[in-house]
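Chemist: What follows is each chain in one-letter form.
Number of protein chains: 2
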Amino acid sequence: MSENEGIATPPTNITQTIERLDQMQDELPKRLKQCASFTRRHLHLVAVSTVSDMAKASGVAPSVYIRFCQAIGFSGYSEMQGLFRVQYTSFRPDYEQRLAQVRPDVAQGSGQLLGEFAEAGHKSLLSLGNSVANEGLNSVASGLAQARILHLLGMRRAFAVVSNMSYLLGKMDVPALLHTDVGHLDSPPLMTPDDALFAVTFAPFSEDVIQQAREAAERGVPVYGLSDSEKCPLFEFAREELIVHEHEVAGFRALNASITLTTALSVLVGSQRRES
Amino acid sequence: MSENEGIATPPTNITQTIERLDQMQDELPKRLKQCASFTRRHLHLVAVSTVSDMAKASGVAPSVYIRFCQAIGFSGYSEMQGLFRVQYTSFRPDYEQRLAQVRPDVAQGSGQLLGEFAEAGHKSLLSLGNSVANEGLNSVASGLAQARILHLLGMRRAFAVVSNMSYLLGKMDVPALLHTDVGHLDSPPLMTPDDALFAVTFAPFSEDVIQQAREAAERGVPVYGLSDSEKCPLFEFAREELIVHEHEVAGFRALNASITLTTALSVLVGSQRRES
DNA sequence: CCGAAAATGGAATGAAAATTCCATATGGGA
DNA sequence: TCCCATATGGAATTTTCATTCCATTTTCGG
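Chains as they are written, first to last, in my numbering: chain S, 1 to 276; chain R, 1 to 276.
No lab work stands behind these hints, which were simulated from the structure alone. Be aware that one or more of the hints could be misleading.
[Unchecked claim] These stretches of chain S come out as covered by chain R in the derived footprint (C-beta under 8 Å, 3 or more residues):
#1 148-161
#2 164-170
#3 254-263
Yeah, the Cβ is synthetic: ideal placement off N, Cα and C, and Gly gets one too.
Work the whole structure out from these sequences, hints included.
Modeler: Right under this line is the structure:
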């Protein structure tokens, strides 16, 4: 028995975990600080790695990494890993119970709801780090950077995404055209094979967007896509496609992963163009 | 040479795995087909689940699930899981070395840049939870919910924010009007004191937005604001104002906190209106 | 309806991982 | 400089997991 200086209560969600990580950063001994630092920047690895993996990557011994988990407030690595795995496994009986605690759902308190969306945002950003799609980010960026004019297409929920891109690209002097009104797009001279089209659509997919993109592709315009599902029809004709997954709260999704990905993409396009 | 009914070579990537799954679907015995069917629909679970998890979820015994993995061509579950984990990690032993270098510099590698934005996103969401402004979220929501028509105003970086709100509110049958073109706004009959204006502007503040909002306020229209600074001129005449802080990467800001806050706000407005 | 071949599930085994323990190293204060 | 408290890493232990084995059941051809 002794003074457990550590906090007794384990974090119950990702948000709390990150907070505690940041907050303890300063008061930890050297090796544990290494763990905190690495983990903070590679949260998405926890769900799919073993202690020795994380320890090695942090540059410490496995036992040290476990001590780190305990310093954070968990009973050990397994408990911490469990927290990060829940987001992938919400349907399983064992996990459903935990999930129920984390998510006393629906729009009651406002702070409550905001917290839920923030948590969902964290998760979305985590799976963004995990996504296979990211590997293609560079090649999509160079594809878009070569375009004479970059056409942006997206409706409903996706419209915010492309309008944000439009703003960023404009700020970096990349010639980009945001197609706000479907219909005036298909005037033939507007898009040429020298251009590129970046189309965004989430399930259930917008017929208009698909249609416009398909016609562009048939006309020889390189089409790149962003979606939240592999079943997206854009896949049929797009050069490359990025995929993001947004977690939802009470049936609503924010745009954290999408906006973050496309912001990074826009900056990449901007910097690649500047180099040439 | 010999007659192993199973295919000798294991799939080397996810695509191959899926193909083989689909292709074998018909020629498998009942229980194994169950495994194939469930796994096909929940591929993402493999990386973070144990055999017994997958077996239970598929409705079979663990040993059966392993036999299923072998039928696909893997040596066992571990090998199959390894394939799925690699997709998530891109995990290299020499990680911590790179890490030290990468941290300070900016827009070089693409995955790195995305990681930086994800990191900034986490921070933004954290400060969102901490911010004082959020306490006012409920009262802003009820203010907006009482409006006959909810006018949305935002330009540049803020435009994506209000257009997202416009979509969400529309989806919930809240009468909202997105002002895309400044200038046609100030036709007097368009906004009345029965309405409300939600204006978004980030530093450096858009003159147009401030001006429009001020005129609306002088005409008796309740104005609510969202900004990233307390120095925002909207403060001078807005009923209430929300504040978010977005972390930046290489001079660029994503919209994680803003989008998350306004998404929550929109849902609140929608649910409050439904109650009356 | 019978028998052989295949399929299935539970128990036994072996491997790997998480966690604890302990001897050694390190750093800060007297 | 010495001493004590704390930190650290490797070895030992325990737990969990993957895999194999085998008895039982099911299926299908005759």
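Chemist: Please go over all the hints and tell whether each is borne out by the structure.
Modeler: Now for the hints, and whether the structure bears them out:
Counting residues of the stretch 148-161 of chain S whose beta carbon lies closer than 8 Å to any beta carbon of chain R gives 5, which reaches the threshold of three, so the coverage claim holds. With 3 residues having a beta carbon nearer than 8 Å to a beta carbon of chain R, the stretch 164-170 of chain S meets the requirement of three or more and the stated coverage holds. Here the stretch 254-263 of chain S counts 7 residues with a CB under 8 Å from a CB of chain R, which clears the bar of 3, and the coverage holds.
Hint compliance for this structure: no hint is broken.
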